[in-house]
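Using the hints, position chain B against chain A.
Protein chains in written order, with my numbering: chain A, 1275 to 1388; chain B, 507 to 615.
Since the hints were made in silico from the structure, they are not lab data.
Mixed in with the good hints, there may be bad ones.
Counterexamples of contact, computed for chain B against chain A with all Cβ distances above 10 Å [claimed, not checked]:
hint: 1; residue: Ser518
hint: 2; residue: Gly535
hint: 3; residue: Glu551
hint: 4; residue: Arg614
hint: 5; residue: Pro615
Simulated crosslink set (SDA-like; lysine to any residue; CA at most 25 Å straight-line) [said to hold, decoys possible]:
hint: 6; chain 1: A; residue 1: Lys1376; chain 2: B; residue 2: Glu521
hint: 7; chain 1: A; residue 1: Lys1354; chain 2: A; residue 2: Ser1303
hint: 8; chain 1: B; residue 1: Lys562; chain 2: B; residue 2: Glu521
hint: 9; chain 1: B; residue 1: Lys548; chain 2: A; residue 2: Ala1314
hint: 10; chain 1: B; residue 1: Lys602; chain 2: A; residue 2: Val1286
hint: 11; chain 1: B; residue 1: Lys602; chain 2: A; residue 2: Pro1288
hint: 12; chain 1: B; residue 1: Lys548; chain 2: A; residue 2: Ser1386
hint: 13; chain 1: A; residue 1: Lys1376; chain 2: B; residue 2: Gly560
hint: 14; chain 1: B; residue 1: Lys548; chain 2: A; residue 2: Pro1369
hint: 15; chain 1: B; residue 1: Lys602; chain 2: A; residue 2: Gln1329
hint: 16; chain 1: B; residue 1: Lys602; chain 2: A; residue 2: Leu1388
hint: 17; chain 1: B; residue 1: Lys602; chain 2: A; residue 2: Ser1303
hint: 18; chain 1: B; residue 1: Lys548; chain 2: A; residue 2: Phe1378
hint: 19; chain 1: B; residue 1: Lys548; chain 2: B; residue 2: Glu511
hint: 20; chain 1: B; residue 1: Lys602; chain 2: A; residue 2: Gly1290
hint: 21; chain 1: B; residue 1: Lys548; chain 2: A; residue 2: Ala1313
hint: 22; chain 1: A; residue 1: Lys1376; chain 2: B; residue 2: Ser526
For glycine and all other residues, C-beta sits at the position ideal for the given N, C-alpha and C.
Here are the chains, one letter per residue:
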Amino acid sequence: SQTIHQWPATLVQPVGSPLSLECTVEGTSNPNLYWYRQAAGRGLQLLFYSVGIGQISSEVPQNLSASRPQDRQFILSSKKLLLSDSGFYLCAWSPPWGTNEKLFFGSGTQLSVL
Amino acid sequence: QKEVEQNSGPLSVPEGAIASLNCTYSDRGSQSFFWYRQYSGKSPELIMSIYSNGDKEDGRFTAQLNKASQYVSLLIRDSQPSDSATYLCAVKSSYKLIFGSGTRLLVRP
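Here chain A stands alone, though its shape is the one from the complex:
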């Protein structure tokens, strides 16, 4: 069966510090990978998605970036965090579109930028 791992669960960072969140998927090949952010009491905002190694699409202009160095690894980064980067970050995966189209989420990272 497929599993998705996301860490850390919680993170408190000062403004201006760097960020690296990592996500890995097990039990599947060539998944679509996604990073979403959820601000307190709000819906999910798609930040990045990737359909393959090195293929990253950005949905929202911001100071965040994403990379996919391996097939089942997705990394969210920032060089300098802003207060507005606080939120609940969710990594998700789906099989390649056209097969089973369901999206499955990791357990999330609660990021507080102070």
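Frame of chain A; chain B shown alone:
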């Protein structure tokens, strides 16, 4: 312009009642629709998917889709306090899922 709209609630129903959650979407080309449940502080959990017009039942949950009206709904029968959560509607548009902001459901014992 929002692409997936939901009433934020809270929707409050007594235990044992039917909870009805609604969602509208703007992309007429969408073919895949999903309902997720999210408990406070947790990640969303997929509970239903629907691809064709009509009803789809899974246990106490029924998803309803009307593509002509661009409307999706979720019915929860025999609501339980454990159903209290935020329910997110999601619509596939191109290579991504677009989520509504969610409806908070409260089931009163």
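Right, here's what the structure says about each hint:
Once the 10 Å rule is applied to beta carbons, Ser518(B) is consistent with being away from chain A; the minimum gap is 17 Å. Every C-beta of chain A lies more than 10 Å from that of Gly535(B), the closest at about 14 Å, which supports listing it as non-interface. Annotated as non-interface, Glu551(B) brings its C-beta within 10 Å of a C-beta of chain A; the closest such distance is 8 Å. Every beta carbon of chain A lies more than 10 Å from that of Arg614(B), the smallest distance being close to 21 Å; the non-interface claim holds.
For Pro615(B), the shortest C-beta to C-beta distance to chain A comes to about 24 Å, beyond the 10 Å cut-off, and the non-interface label holds. Taking the CA atoms of Lys1376(A) and Glu521(B), the gap is near 30 Å; set against the 25 Å cutoff, the hint is violated. Our distance criterion of 25 Å between C-alpha atoms is broken by Lys1354(A) and Ser1303(A), whose separation comes to about 33 Å. Note on Lys562(B) and Glu521(B): the hinted pairing holds, with a Cα-Cα distance of about 23 Å set against a maximum of 25 Å.
For the proposed pair Lys548(B) and Ala1314(A), the alpha carbon gap of about 12 Å is at most 25 Å, so the pair holds. Taking the CA atoms of Lys602(B) and Val1286(A), the gap is near 29 Å; set against the 25 Å cutoff, the hint is violated. Distance hint between Lys602(B) and Pro1288(A) is unfulfilled; the C-alpha atoms sit about 32 Å from each other, more than 25 Å. As the CA atoms of Lys548(B) and Ser1386(A) are separated by approximately 16 Å, the hinted pair is consistent with the 25 Å bound.
Annotation: proposed proximity of Lys1376(A) to Gly560(B) holds, straight-line Cα distance about 19 Å (limit 25 Å). Distance check on the hinted pair: Lys548(B) and Pro1369(A) sit about 22 Å apart at the alpha-carbon level, within 25 Å; holds. Between Lys602(B) and Gln1329(A) the CA atoms are separated by roughly 14 Å; this keeps the pair inside 25 Å, and the hint holds. Among the hinted pairs, Lys602(B) with Leu1388(A) is inconsistent with the structure: their alpha-carbon atoms are about 31 Å apart, more than 25 Å.
With a CA separation close to 18 Å, the supplied pair Lys602(B) and Ser1303(A) stays within the 25 Å bound. The suggested pairing of Lys548(B) with Phe1378(A) holds, with an alpha-carbon distance near 13 Å, which does not exceed 25 Å. At most 25 Å may separate the alpha-carbon atoms for a hinted pair to count; Lys548(B) and Glu511(B) meet this at roughly 22 Å. Annotation: proposed proximity of Lys602(B) to Gly1290(A) is violated, straight-line Cα distance about 31 Å (limit 25 Å).
Note on Lys548(B) and Ala1313(A): the hinted pairing holds, with a Cα-Cα distance of about 13 Å set against a maximum of 25 Å. A threshold of 25 Å between alpha carbons decides the hint, and for Lys1376(A) with Ser526(B) the separation of about 23 Å falls inside it, so the pair holds.
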